[in-house]
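Based on the hints, put chain W in the right spot on chain U.
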Amino acid sequence: MPRPQILPTFEDALADLRDGMSVMIGGFGAGSPINLLTALWHRDVRDLTLITNGVGFPSPNPDLKAIADLIQDGRVRKIVASFTAATRPSRPGAAEELIRTGQVEAELVPQGTLAERIRAGGAGIPAFYTPTGAGTLLAEGREVREFNGRPHLLEHALTADVAILHAWKADEAGNLVFRRASRNYNPIMAMAADMTIVEVEQPILPAGALDPDHVHTPGLYVHRLVHIPVGGVLRIHRSTGTPLLQTETPEVTPQPVRPEPRP
Amino acid sequence: MSAHTEEPKRPLDREQMAAILAQRLGTGWVVNLGVGMPTAVSNFVRPEQEIVFTSENGVIGYGRLAGEDEEDPDVVNAAAVQAVTLEPGASIVHHADSFALIRRGLVDVTCLGAYQVAPDGSFANWKTQDDGRADLGGIGGAMDLAACCKQVYVVMEHTTRDGQPRLVERCTLPVTAPSGVTLVVTSLAVVAVRDDRFVLEEHAPGYTAEEIRALTGAPLEVSPDLRRVGV
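Residue numbers (the working numbering), protein chains in the order written: chain U, 1092 to 1354; chain W, 21 to 251.
One or more of the hints may lead you astray.
[Stated by the list, open to error] Partial list, derived from the structure: chain W residues whose beta carbon lies under 7 angstroms from chain U:
1. Asn-77
2. Gly-81
3. Asp-94
4. Ile-112
5. His-114
6. Ala-116
7. Gly-157
[Claimed, not checked] Computed footprint of chain W on chain U, listed as stretches where at least three residues anywhere in the stretch have a Cβ under 8 angstroms from a Cβ of chain W:
8. 1111-1122
9. 1187-1194
10. 1202-1210
11. 1213-1225
12. 1270-1282
Since the hints were made in silico from the structure, they are not lab data. Virtual Cβ for every residue (Gly too), placed ideally from N, Cα, C.
Just chain U, same shape as in the assembly (with noise of 0.2 angstroms):
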């Protein structure tokens, strides 16, 4: 079996990142790569064209960085996103404001349309008709054609050059295992990029250690691992914006389904 690159740091994972590449971000809400998006702020590479959920907003954490820091801090050229704008007017952001005057690039996307063409990428679909959107103003000057007596607009696969993401589990054979919803975009990402690299919270198993009815997705579709070392991030507590740091023993362990019906 082919085995992907297994390295010490971000840094070093994200070296060979170019000004002008196309990177796919995982995440949504959970399963967010922060330590390698950290990293990618730090590496200061520029025109970059993002592939992700949403713009969203700064880090509140200032060793942190999310994607709004990017695309603030000048970094990015174009944004392929199902959120460019805020849904309250109340809360414009800087990023948004930056496309509105031009400086950034946006092509906005209704959610399932962009995991679609997404995997679309990932699976060698060139293109494909979806009943999304049709008839609202992201038709406009769109191929339109009908099936089944409703119009459907052509969608255009998307792949990238580089694709950052987040997994729970990985083995040396790259074959990742994600964690109830963070598992996202996380695994069609990785399918549709050149180069895959994957944040792991667990110490990098030996090849064989996962079950292969239990992988998500195969290792041939990733390049790159990086354990997140111990003071790296694992996660951030949505309610209170705390980071969940690693520590010498992990503690993320699966929690049970709840077995008792709700009240």
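The following block gives chain W in isolation, referenced to the frame of chain U:
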């Protein structure tokens, strides 16, 4: 005057609106809840309704919002920051498979917030201004859900902060979908949307049909079974 006018006027709060939405879900339905007020709905269903809640991020079969002691940061709903509980029998898929089941038509109803709804079932919830910019907005999964779920229930305040109607003849903001809404729960009323008409089915405590009609920007018919909300 009818008896209900004697009750003090009391617009519905967010929890009450979520509770009304929960009452309107059929037994065994597969239900998607959008960001904002709808995500509270999973707190209000009864076990015998046997609802399966799905979330765009691939969580199939979740339950109520998680309390602090049971919060798992990897189990979140469409709001991405709200932890939910998993019901026995839950499953998790990736984002593309999550939208595959939406597009395939497995979801009976999606409950979404909105800025405007019109009698043709069109609604607007992805842009706060009509600036003609197709590159700026917050669509999330709303367009996929609206285009592919069997029904769309909207929950929103009855009027804007400055008193303008949100139930309108025609959406002035860019629409999320040109049709699909079948029910609107507002702070003052429950309104069915069918055959290009708004039909008032329930009123908030103390509000008459006339008072609700005055705050509505399109003709509002009154159901012969008009009743006070049951919350």
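Item checked: Hint check against the structure, violated hint numbers in rising order -> Checked against the structure, the only hint that fails is number 2, while the rest are satisfied.
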